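Read top to bottom, the protein sequences are chains R and F.
Counting in our numbering, the first sequence runs from 1 upward without gaps.
Counting in our numbering, the second sequence runs from 1 upward without gaps.
Hints were generated in silico from the structure; no laboratory data involved.
From a predicted model like this one, the values you see are computed outputs, not experimental measurements.
Just so you know, not all the hints are guaranteed correct.
Claimed, not checked - Think about it this way: if two alpha-carbon atoms lie no more than 20 Å apart in a straight line, the pair counts; the simulated SDA-like pairs of lysine to any residue are:
no.: 1; chain 1: R; residue 1: Lys3; chain 2: F; residue 2: Gly262
no.: 2; chain 1: F; residue 1: Lys459; chain 2: R; residue 2: Ile285
no.: 3; chain 1: F; residue 1: Lys270; chain 2: F; residue 2: Arg284
no.: 4; chain 1: R; residue 1: Lys115; chain 2: F; residue 2: Leu477
no.: 5; chain 1: F; residue 1: Lys431; chain 2: R; residue 2: Asn159
no.: 6; chain 1: F; residue 1: Lys191; chain 2: F; residue 2: Leu179
no.: 7; chain 1: R; residue 1: Lys155; chain 2: F; residue 2: Leu329
no.: 8; chain 1: R; residue 1: Lys3; chain 2: F; residue 2: Asn188
no.: 9; chain 1: R; residue 1: Lys83; chain 2: R; residue 2: Asp215
no.: 10; chain 1: R; residue 1: Lys138; chain 2: F; residue 2: Glu7
no.: 11; chain 1: R; residue 1: Lys7; chain 2: F; residue 2: Arg284
no.: 12; chain 1: R; residue 1: Lys155; chain 2: F; residue 2: Gly470
no.: 13; chain 1: R; residue 1: Lys7; chain 2: F; residue 2: Lys191
no.: 14; chain 1: R; residue 1: Lys220; chain 2: R; residue 2: Thr20
no.: 15; chain 1: R; residue 1: Lys7; chain 2: F; residue 2: Thr461
no.: 16; chain 1: R; residue 1: Lys7; chain 2: F; residue 2: Lys270
no.: 17; chain 1: R; residue 1: Lys138; chain 2: F; residue 2: Ala9
no.: 18; chain 1: R; residue 1: Lys115; chain 2: F; residue 2: Asp194
no.: 19; chain 1: F; residue 1: Lys28; chain 2: F; residue 2: Leu329
no.: 20; chain 1: R; residue 1: Lys155; chain 2: F; residue 2: Thr461
no.: 21; chain 1: R; residue 1: Lys7; chain 2: F; residue 2: Ala9
no.: 22; chain 1: R; residue 1: Lys7; chain 2: F; residue 2: Leu477
no.: 23; chain 1: F; residue 1: Lys415; chain 2: F; residue 2: Glu426
no.: 24; chain 1: F; residue 1: Lys144; chain 2: F; residue 2: Asn70
no.: 25; chain 1: F; residue 1: Lys183; chain 2: F; residue 2: Asn24
no.: 26; chain 1: R; residue 1: Lys187; chain 2: F; residue 2: Ser222
no.: 27; chain 1: R; residue 1: Lys265; chain 2: R; residue 2: Ile285
no.: 28; chain 1: R; residue 1: Lys155; chain 2: F; residue 2: Leu471
no.: 29; chain 1: F; residue 1: Lys283; chain 2: F; residue 2: Leu329
no.: 30; chain 1: F; residue 1: Lys144; chain 2: F; residue 2: Leu18
no.: 31; chain 1: F; residue 1: Lys364; chain 2: F; residue 2: Ile323
no.: 32; chain 1: R; residue 1: Lys7; chain 2: F; residue 2: Phe12
no.: 33; chain 1: R; residue 1: Lys7; chain 2: F; residue 2: Glu66
no.: 34; chain 1: F; residue 1: Lys191; chain 2: R; residue 2: Phe11
no.: 35; chain 1: F; residue 1: Lys191; chain 2: R; residue 2: Gln6
no.: 36; chain 1: R; residue 1: Lys7; chain 2: F; residue 2: Ile463
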Amino acid sequence: MGKFLQKGLLFFAIVVICTTASVFSIIELNRIMFRRIIIEDNVHTLIMGDSHTIFGINDSLFRNTRNLSRTAEGYIFSYLKLKNILDSNPQINRIILGVSFHNFSSYYDEYIYGKDSYSSISKCIALIDYPDLIKLLKMEMSMSNIRSTLQYSFKNILNYKKGEYPFIGNTNISKTSVRTSHNTIMKTINDQYYSSGKPDTISAINVFYLNKIVDLCRTKNIEIIFLNMPLYAEYFNKIPLNIINHYNASIEKFDVVAINLNNLKFPEDYFFPDGEHLSYKGAVIASEFLAKSLNDKVFFSSGTKNPN
Amino acid sequence: MLFNSVEFAVFFPIVFFLYWFVINKNPKTQNLFLLFASYVFYGWWDWRFLILLILLSLTNYFIGIEIDKNESVKKRKIWFICALVINIGILGFFKYFNFFIDSFIDLISLTGYDLPRTGIKIILPLGISFYVFLSLSYIIDIFKKNLVANTNIVEVLLSLGFFPIILAGPIQRPSSLQLQIKKQREFNYNKAVDGLRQILWGLFVKVVIADNLAFYVDDVFSNFLNYSGSTLFLGALFYSIQIYADFSGYSDMAIGIAKLFGFDIMRNFKYPYLSRNITEFWKRWHISLTTWFRDYIFLPLSFTLSSRIEKDKILFLNKDAFIYISASLITWFLTGLWHGANYTFICWGLIHGSFLIVFHLQRKPRKTLFRKMKISNNNYFVIIFETIITLLVIMIAWVFFRSENIDQANIYLSKLFSNSLFSKPEVFSLKPLLLIVIIILLEWIQKNKEHVMQIENIKSTTIRWGIYLGLIMIILLYGGIQQEFIYFKF
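Put together the whole structure using the sequences plus the hints.
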């Protein structure tokens, strides 16, 4: 028994040392590979946000602009990305940030520190400091989540290509012909605003980092524009009032230019079935509209009106 | 509590330490402690169902004594039937109530009457099929006088609720477990190390093979209408490996854990996909269940039919063939039903039953043909050909097992066997194929060992430890997203 315990403890110690060494190596290698982000010199405007701006804004229609949106990207990750980019890319002078109603709902926390967060955390692991990383992992400490974060961070290293960053997003315009579906809209509304069975509260972490993004841009003298993408009327009408009120209050509080494309009344084939993401048709119109707005400096600033 | 959970990683060392260091003097205290630990393990999921487990075990304990002490055949039979009704009744209520009610309503609706659905949702207690079968074998063995009823309540309760095997087997016969429970247990270094190796291998195949394949299988079976035959073929192949890795991985962990407490649990898998025919497959797959059905259903049924049938020929079959076919079909119908309350499982069971019958009937003609053609039974080409054919047959049956309903399985198979079977698969990744090749190759190399990780012949400690460490790192970096064990549903 003594021999068993002695060998067992020795092996356990080796496992702990090897695991710790692997974890640190993975994180540090990510840092070495992806720490400094270089954006093309001719890019002056960045579009940041989540799937709304991925599907809705085609950056090829804009001059000197690049869409860096990434699916389900919480503002903490947008902030970390932006902080890093602005430090090493002084040519950037304007940020267009997707700010929509769903960004204020606490369902989003799942993607920041909840069970679906491993993808975002692992992609941005090079940008997160150790204390913040520990804080994020501790908020929803599940072994499976931590393991997935580690695995995906490891994949970043395996898939390394010079000049490509796992946390940098892009435009993704699908040419598939689609239209809205009542059932999918209802499911999306339930997932995004009633994820716990009752109306969701406000996502404190998203609000906190939205503040930090605005402060960062102001400190660096960079213009920031909030962009609310079009939503299908049926979807918009189902958004709980507390979320809409919070959105309006935030726009007012920040006192930034806010382009509210939600005032455009788009038909059902301009959307994916969920009623919140633009289809190819919708994306073309929305992008042209945004380009014209930026060019003419004519902005639809109020985000409060019901499009109906 | 799952074997691959954090809770178990805390629970297990505590139990292990107390068992061998604090209460190691007396098997009675060890048994009492193991019983307590087993109930904590089971009750962790839902303490209400722990009460069910305890009550059922107590009932079987008392009925076992009653059967044993009565000399009168009539009284023994009454107690025996009583136990059967209670055990099967509980299983039937929790597992099959909704199925039978819904099937009855569907049957009535054929006549034009529509009865309302009950809407009652009964939660299936974890491992109920396993512990009811443990209890049944205890009672049947006492009734058949193969086992003397044990009057030590702790020993009986422990044999019916031992934590490594309570949730998903192996269905260890209480007779053999009780013999081990009675004995003073000494710590055996080699056995404990072997147990740890087996646990590591079980964890590896579950987390790396089964959980990674689950991603592809779920996608293919959820979107089977959109995929070509070649993709559906891969889906069925991946599922065949997934269910094997999932269940054999669980069994390896269970057996390994039992070894660490000084117990020998029966082997549940003997590299089944290396089988040359369907009979061999069932001697290697879920052995504890197959032998249970063989000993308690198939053989008694065959003997009963044999003693009651006097004619030499029934229909166009001779008596022996008729008995074999009837007993096989009934046994496999019940085996399918044991897996779940769905026609897909019954269909899966009957497919296997039919293949076994066909195999049984072709044995003599095959032998004659081989002799005439001067083909050796040990010809490598024949072995490989038969192994592949057996795997394909089993794969087709798994489609029924995995499908939501019979219609889905039929459509899946008709799409699989269409022209698109030879097209380029839409879902293709080298990773799952690589995993399959690895598992089959390692099993082939270690086919004469009890489990793949029996590597004591490697004398160098550095190499052995390197292998363990490598496996742990692969589990950490390549393990799939955590999935529940498939057999927990049964």
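Hint-by-hint comparison with the structure:
With a CA separation close to 17 Å, the supplied pair Lys3 (chain R) and Gly262 (chain F) stays within the 20 Å bound. Pair hint Lys459 (chain F) plus Ile285 (chain R) does not hold up; C-alpha atoms about 71 Å apart against a cutoff of 20 Å. Using a Cα cut-off of 20 Å, the hinted pair Lys270 (chain F) and Arg284 (chain F) holds, with the two alpha carbons roughly 5 Å apart. The straight-line distance between the Cα atoms of Lys115 (chain R) and Leu477 (chain F) is roughly 18 Å, inside the 20 Å bound, and the hint therefore holds.
A C-alpha spacing of about 15 Å is found between Lys431 (chain F) and Asn159 (chain R), which places the hinted pair at or below 20 Å, so the restraint holds. For the proposed pair Lys191 (chain F) and Leu179 (chain F), the alpha carbon gap of about 18 Å is at most 20 Å, so the pair holds. Between Lys155 (chain R) and Leu329 (chain F) the CA atoms are separated by roughly 50 Å; this puts the pair beyond 20 Å, and the hint is violated. Straight-line distance between C-alpha atoms of Lys3 (chain R) and Asn188 (chain F) comes to about 11 Å, which keeps the hinted pair within the 20 Å bound.
Proximity of Lys83 (chain R) to Asp215 (chain R) is assessed by CA-CA distance (about 11 Å); at most 20 Å being required, the pair is judged to hold. Simply put, Lys138 (chain R) and Glu7 (chain F) have alpha-carbon atoms about 17 Å apart, close enough for the 20 Å limit, and the pair holds. For a cut-off of 20 Å, the pair hint linking Lys7 (chain R) to Arg284 (chain F) is broken: about 34 Å separates their Cα positions. Note on Lys155 (chain R) and Gly470 (chain F): the hinted pairing holds, with a Cα-Cα distance of about 18 Å set against a maximum of 20 Å.
Proximity of Lys7 (chain R) to Lys191 (chain F) is assessed by CA-CA distance (about 15 Å); at most 20 Å being required, the pair is judged to hold. Annotation: proposed proximity of Lys220 (chain R) to Thr20 (chain R) is violated, straight-line Cα distance about 38 Å (limit 20 Å). Proposed proximity of Lys7 (chain R) and Thr461 (chain F) is supported: the alpha carbons are some 11 Å apart, at most 20 Å. Between Lys7 (chain R) and Lys270 (chain F) the alpha-carbon distance is near 30 Å, which puts this suggested pair outside the 20 Å criterion.
Restraint check for Lys138 (chain R) and Ala9 (chain F): satisfied, since their Cα atoms lie roughly 19 Å apart, inside the 20 Å limit. Between Lys115 (chain R) and Asp194 (chain F) the alpha-carbon distance is near 36 Å, which puts this suggested pair outside the 20 Å criterion. Pair hint Lys28 (chain F) plus Leu329 (chain F) does not hold up; C-alpha atoms about 44 Å apart against a cutoff of 20 Å. With a CA separation close to 31 Å, the supplied pair Lys155 (chain R) and Thr461 (chain F) exceeds the 20 Å bound.
For the hint linking Lys7 (chain R) to Ala9 (chain F), the alpha-carbon distance of about 18 Å falls within 20 Å, and the restraint holds. Of the pairs offered as hints, the one joining Lys7 (chain R) and Leu477 (chain F) is violated, with about 25 Å between alpha carbons and a cut-off of 20 Å exceeded. The suggested pairing of Lys415 (chain F) with Glu426 (chain F) holds, with an alpha-carbon distance near 14 Å, which does not exceed 20 Å. As the CA atoms of Lys144 (chain F) and Asn70 (chain F) are separated by approximately 13 Å, the hinted pair is consistent with the 20 Å bound.
With a C-alpha separation of about 12 Å, the suggested pairing of Lys183 (chain F) with Asn24 (chain F) holds against the 20 Å cut-off. At most 20 Å may separate the alpha-carbon atoms for a hinted pair to count; Lys187 (chain R) and Ser222 (chain F) meet this at roughly 19 Å. Only pairs whose Cα atoms come within 20 Å are accepted, and Lys265 (chain R) paired with Ile285 (chain R) is accepted, the gap being roughly 11 Å. For a cut-off of 20 Å, the pair hint linking Lys155 (chain R) to Leu471 (chain F) stands: about 18 Å separates their Cα positions.
Only pairs whose Cα atoms come within 20 Å are accepted, and Lys283 (chain F) paired with Leu329 (chain F) is accepted, the gap being roughly 17 Å. Taking the CA atoms of Lys144 (chain F) and Leu18 (chain F), the gap is about 38 Å. The hint is violated against a cut of 20 Å. Straight-line distance between C-alpha atoms of Lys364 (chain F) and Ile323 (chain F) comes to about 18 Å, which keeps the hinted pair within the 20 Å bound. Proposed proximity of Lys7 (chain R) and Phe12 (chain F) is supported: the alpha carbons are some 18 Å apart, at most 20 Å.
Our distance criterion of 20 Å between C-alpha atoms is broken by Lys7 (chain R) and Glu66 (chain F), whose separation comes to about 49 Å. Using a Cα cut-off of 20 Å, the hinted pair Lys191 (chain F) and Phe11 (chain R) holds, with the two alpha carbons roughly 17 Å apart. For the suggested pair Lys191 (chain F) and Gln6 (chain R), the alpha carbons sit about 16 Å apart, so the restraint of at most 20 Å is met. Pair hint Lys7 (chain R) plus Ile463 (chain F) holds up; C-alpha atoms about 15 Å apart against a cutoff of 20 Å.
Checked against the numbered hints listed earlier, the structure breaks hints 2, 7, 11, 14, 16, 18, 19, 20, 22, 30 and 33; every other hint is satisfied.
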